[in-house]
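K.L.:
Protein sequence lines correspond, in order, to chains A and B. In this text, residue positions in the first sequence follow our numbering: the first is 1, and each later residue adds one. In this text, residue positions in the second sequence follow our numbering: the first is 1, and each later residue adds one.
No lab work stands behind these hints: they were computed from the structure. Model, not experiment: these values are computed from the prediction. A portion of the hints provided could be inaccurate.
Only pairs whose alpha carbons sit at most 25 Å apart, straight line, appear in this in silico SDA-like list of lysine to any residue [to be verified]: (1) B/Lys111 x B/Ile270; (2) B/Lys377 x A/Val109; (3) A/Lys113 x B/Tyr99; (4) B/Lys188 x A/Val124.
Quick list of the computed label-pair ranges, beta carbon to beta carbon [to be verified]: (5) A/Gly194 x B/Thr55: 39 to 45 Å; (6) B/Arg250 x A/Gly194: 44 to 50 Å; (7) B/Tyr317 x A/Arg161: 52 to 58 Å.
Sample of chain A residues at the chain B side, in silico, Cβ under 7 Å [to be verified]: (8) Thr84; (9) Trp95; (10) Asp105; (11) Pro108; (12) Phe145.
We put the beta carbon where it would ideally sit given N, CA and C, even for glycine.
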Amino acid sequence: MSSRQWLSSAMRQCKSQQPRAFSTAVPVAAGLRSIFGPKNNEFHGLLKEGFERGNPLSEAEQRQIMDQQAPRASIQDLRGREVTEAYVRQMPRRWRTGEVYAPKDLSPVEMKKFRQGKRPNKDVVDMFGFNPLDNYRNFSLISEFMTSMGRIKHSSETGLRPVNQRKMAKAIRRAIGMGLHPSVHKHPEILRRGRHGLPTSAIPTPTEARQNVL
Amino acid sequence: MASRSVSPGGALLRASRMFSLPNPIPPPVTDSSSGATSFSSNTATLDFPTHQVITTLSSARKQGDWGLKRPLPLKSTTRSTHPMLRVKAIDTIEQITDYTSATDHGMTLRKFQELGMPLTARRPAGGDTGDNSKGKQTATMNLPQKSVFEDELDVTDMHPDKRAKAIDNRWRFNGPWLAGMTEGKFQKWLEKEVRPRRPEFREFLRKKIAGELRAAAANEALDKGTEAPGPVGPSSVTEDQLIDYLRKLRHNNQALYDLVGQFLDLAPLIPPNISQLDLPAGFSNIEWRQMRNPYAEGGPPVTHPSAGISYLRTSMYMDNHPIYGPQKQHPSVVARIVKPRRQAQASPAKLGVAGFIVNTPLGDTKFNSKNNDLFDKIDPSVVGGPKVWVQPKRASVDANGRVVLTVDDAPAEARLVAQELLGLATCLGARRDEGQAGRPESASEIRQRYAAADAPAMSSIQNYGIQR
């Protein structure tokens, strides 16, 4: 995120500086060209040369022009990267090897569907066969079933069947009641992971004593 | 069972398309249905078709005649270049025929068959000789794979007693593939399917013990030179013998797995690494036998391992070019770059070949060279999206029924020949007409074009004096 911001701000600076580099010649010449019309190209060229020759550049200006000319390729590069980023953001589908695609699968309508998360239609507790009540100390599990405001998620969001939803809710209440999990926001360990860009799924479960030290 | 004789009208109906459409097969397991992700689309093209694709002749199509109960609307069925439909319901309560376009899977099949690829099964590590030494394992990696239609791999109908012997070659099993089960599913399976069969398993073991006892007795008799003893029935095995056998079995993990697998007809698994097992010290001397079934690593396929998309047995044939003669390589094909490479996230590009998503090749290929704008960037000014030429190598069907293609960099010659056939490149000065690019030519057209272009002398029948 920050690198993209940095890129865009760098590009904005480049854009704003570009006319300044030829501030003496180009805008005036362009103005003259519009006066004389596009046919008088020779005259225009002469004029431009004259303007440029007539005003010898100062050393600072020369350096500025040199700087502008050199990284032109990289500016192009940056622009291309920005365009790519913009397009990639519109393509949220994660393609798996062997999937079949037809032209319609590459369409924006289809891609949009992959951006909106849907309610899980599988009960993860049944799927993995664990008891939520035994996992009240597993803060990454607990925070999966809580909102960022500390509320227990509804079963329409979690996709758990009523029995498991009750067990999960009890585990959450238990974790909060024992003071193991904050009740108003996410767990600090999750926040720390998010800040460092680390996946929260990689947090080791605190079941083993040697792994308790993060 | 002999079919009942029916009236002529009835016979006509039975032979009609309306009655001959097969029932749909179960849909593929998608990420969302398996609970792996909540990001999915219910309208995305499925990994394999579940319904029969039907088509009709152009004259019948103009009248809406698809051989179904009622003519289909012309507005939505006559516009497509390729008439392909899938019928979800011949008749519904609203008295309509429920149909959609099936060009997605139909055209994918056509494109795949254009590649001329046989469907293969992975060769087992160590090759056919069963040599598991290291050099041999790597040597088989790039060998041409075995066709799924080989007689030894394509057996489904066999006597239940012979199933265990063919474990290395079968692809259909009655039991599940344990590595593909989630913990919850496994627990449920144990509860529902396995536990009730305990007495049956003891009986199975008794039979085994009886067989072993008989073999031992026969051996002894042979050594002593006496007459062979009579058969030992499973009922004569005592409870103590059975318990002793069970105790011994508990300390021999491979034998226990073999017997359980035989009893439940489990799909084969590759043995785990000792490091994966996370066993306490002292258990590190566990021995496993290598499993040589081609489906042990990824699970047995849901369909026949060819998935019915290709019936070729080998790719060991030569393509012929009307001018250049037999070709060393099969023709290269164009691949679409469906997803650009993201070097920051270390995610490679995804290619699309013949409508299937394909991984880029590993190793020293242009796909892995640094700073290649073609793979790293999306250029919206390229009409039709960025494409590269690749050489398809292998195709196989994985456990979920997806077609896994392996591609490589296109060799320069094969690519040039393929490009020339499409009119995208010019060799030997025989240029194609403008506007003809992209259309494949017939062999006679190519010969005529070369004759007209006054290309450098090439051998022909006339040169050899065979024909004037």
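K.L.:
Would you mind marking each hint as holding or not holding in the structure?
P.N.:
Each hint tested on the structure:
1. Note on B/Lys111 and B/Ile270: the hinted pairing is violated, with a Cα-Cα distance of about 34 Å set against a maximum of 25 Å.
2. For the hint pairing B/Lys377 with A/Val109, the CA-to-CA distance comes to about 22 Å; that is within 25 Å, so the pair holds.
3. The suggested pairing of A/Lys113 with B/Tyr99 holds, with an alpha-carbon distance near 23 Å, which does not exceed 25 Å.
4. At most 25 Å may separate the alpha-carbon atoms for a hinted pair to count; B/Lys188 and A/Val124 meet this at roughly 14 Å.
5. Roughly 53 Å separates the CB atoms of A/Gly194 and B/Thr55, a value that falls outside the hinted 39 to 45 Å.
6. At roughly 47 Å, the beta carbons of B/Arg250 and A/Gly194 sit within the given window of 44 to 50 Å.
7. A hinted range of 52 to 58 Å holds for the C-beta pair B/Tyr317 and A/Arg161, which are about 55 Å apart.
8. Of the supplied interface hints, the one on A/Thr84 holds, with its beta-carbon coming within about 5 Å of a beta-carbon of chain B, less than 7 Å.
9. Restraint check, A/Trp95 versus chain B: the minimum CB separation of about 5 Å is within 7 Å; hint holds.
10. For the restraint placing A/Asp105 at the interface with chain B, the shortest Cβ-Cβ distance is roughly 5 Å, inside the 7 Å limit, so the hint holds.
11. The restraint placing A/Pro108 at the interface with chain B is violated, with a minimum CB-CB distance near 12 Å, outside the 7 Å limit.
12. For A/Phe145, the suggested interface contact is broken, since its CB lies about 14 Å from the closest CB of chain B, more than 7 Å.
Violated hints, listed in ascending order, are 1, 5, 11, 12; each of the other numbered hints is respected by the structure.
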